[in-house]
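In case you want the letters, here they are:
There are 2 protein chains.
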Amino acid sequence: MEQIPVLKLGEFLLVSIQVELHDELVVSLQDDLSARLEKTRARGVLIDISALEIVDSFIGRTLGHIAAMARIMDAATVLVGMRPAVAITLVELGMTLKGIRTALDVDKGMALLRASLDDSGAFSSSP
Amino acid sequence: MEQIPVLKLGEFLLVSIQVELHDELVVSLQDDLSARLEKTRARGVLIDISALEIVDSFIGRTLGHIAAMARIMDAATVLVGMRPAVAITLVELGMTLKGIRTALDVDKGMALLRASLDDSGAFSSSP
Chain A
1 MEQIPVLKLG
11 EFLLVSIQVE
21 LHDELVVSLQ
31 DDLSARLEKT
41 RARGVLIDIS
51 ALEIVDSFIG
61 RTLGHIAAMA
71 RIMDAATVLV
81 GMRPAVAITL
91 VELGMTLKGI
101 RTALDVDKGM
111 ALLRASLDDS
121 GAFSSSP
Chain B
1 MEQIPVLKLG
11 EFLLVSIQVE
21 LHDELVVSLQ
31 DDLSARLEKT
41 RARGVLIDIS
51 ALEIVDSFIG
61 RTLGHIAAMA
71 RIMDAATVLV
81 GMRPAVAITL
91 VELGMTLKGI
101 RTALDVDKGM
111 ALLRASLDDS
121 GAFSSSP
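One line per chain: the protein sequences are A and B, in this order.
Residues in the first sequence are numbered from 1 upward in steps of one, following UniProt numbering.
Residues in the second sequence are numbered from 1 upward in steps of one, following UniProt numbering.
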């Protein structure tokens with residue numbers, strides 16, 4: 001069952017990360033996600049990490065890479081569902097998740113994506 | 001990381017099953033889901049099994065129980081993302097997933113839920 005499904009939700013894609021990420025899984029997720037972005041022409045990606053109790057530097061970097069890849073394919077990425085303890089740890093570790101926007105849950109993430117798509121064709125970094 | 005997140009998508013809840021289900025996990029999922037149904041007053045539950053390569057009789061029964069529980073809490077359940085190989089195996093095993101509606105993907109499942117809510121006169125607040 002080592003595969004992370006990419007679900008299409010209207011004009012966006014949703015990735016719910018529930019299992020421990022390792023190199024191979026990350027590569028397959030990036031492959032999958034880029035293929036789905038091409039196929040569905042989605043304009044946004046929501047990555048749900050509500051199941052993750054720990055976000056270490058590897059996961060943080062991986063999320064950054066995924067967001068960068070999505071951006072090149074003209075899609076914005078929003079990280080949703082982060083647990084409070086994870087947020088505290090990230091700050092303590094000095095990880096700022098630069099280039100990734102966050103929202104409290106999927107609904108808020110979708111609203112954020114819609115708002116930024118409405119504002120302009122491009123996804124600006126200002127809040 | 002042994003927890004299956006329940007995500008709120010507008011008026012529905014989404015459960016993406018990616019890990020092997022065992023008794024304890026099923027119980028915690030049912031607890032979570034019923035609590036979320038009560039809290040969010042969601043009218044529908046989408047269960048995504050696109051990550052599952054095998055659906056055995058235990059999983060089939062579990063899905064049936066979840067759907068029955070949701071029904072008692074006034075929510076419809078739609079199973080989405082079933083792989084073709086899984087469908088073939090279910091038929092060969094004689095498992096009909098009675099009482100569970102299915103759809104090919106999350107988008108179609110949401111459309112199905114919306115249509116059934118519109119049909120029923122009980123829920124008349126949305127067009």
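By construction, these hints were calculated from the structure, which means they are not laboratory data.
A portion of the hints provided could be inaccurate.
As the list makes no split between identical chains, a pair holds if one copy fits it or if it spans any two.
What the hints assert, rightly or not - Keeping only pairs whose Cα atoms sit at most 25 Å apart, straight-line, the calculated SDA-like set for lysine to any residue is: (1) 8 with 101; (2) 98 with 28; (3) 108 with 90; (4) 108 with 24; (5) 8 with 94; (6) 108 with 27; (7) 108 with 22; (8) 98 with 76; (9) 39 with 57; (10) 108 with 40; (11) 8 with 22; (12) 98 with 116.
Find the hints from earlier in the document that the structure breaks and name them by number, from lowest to highest.
When the structure is compared with the hints, numbers 4, 5, 6, 7 and 9 turn out to be violated.
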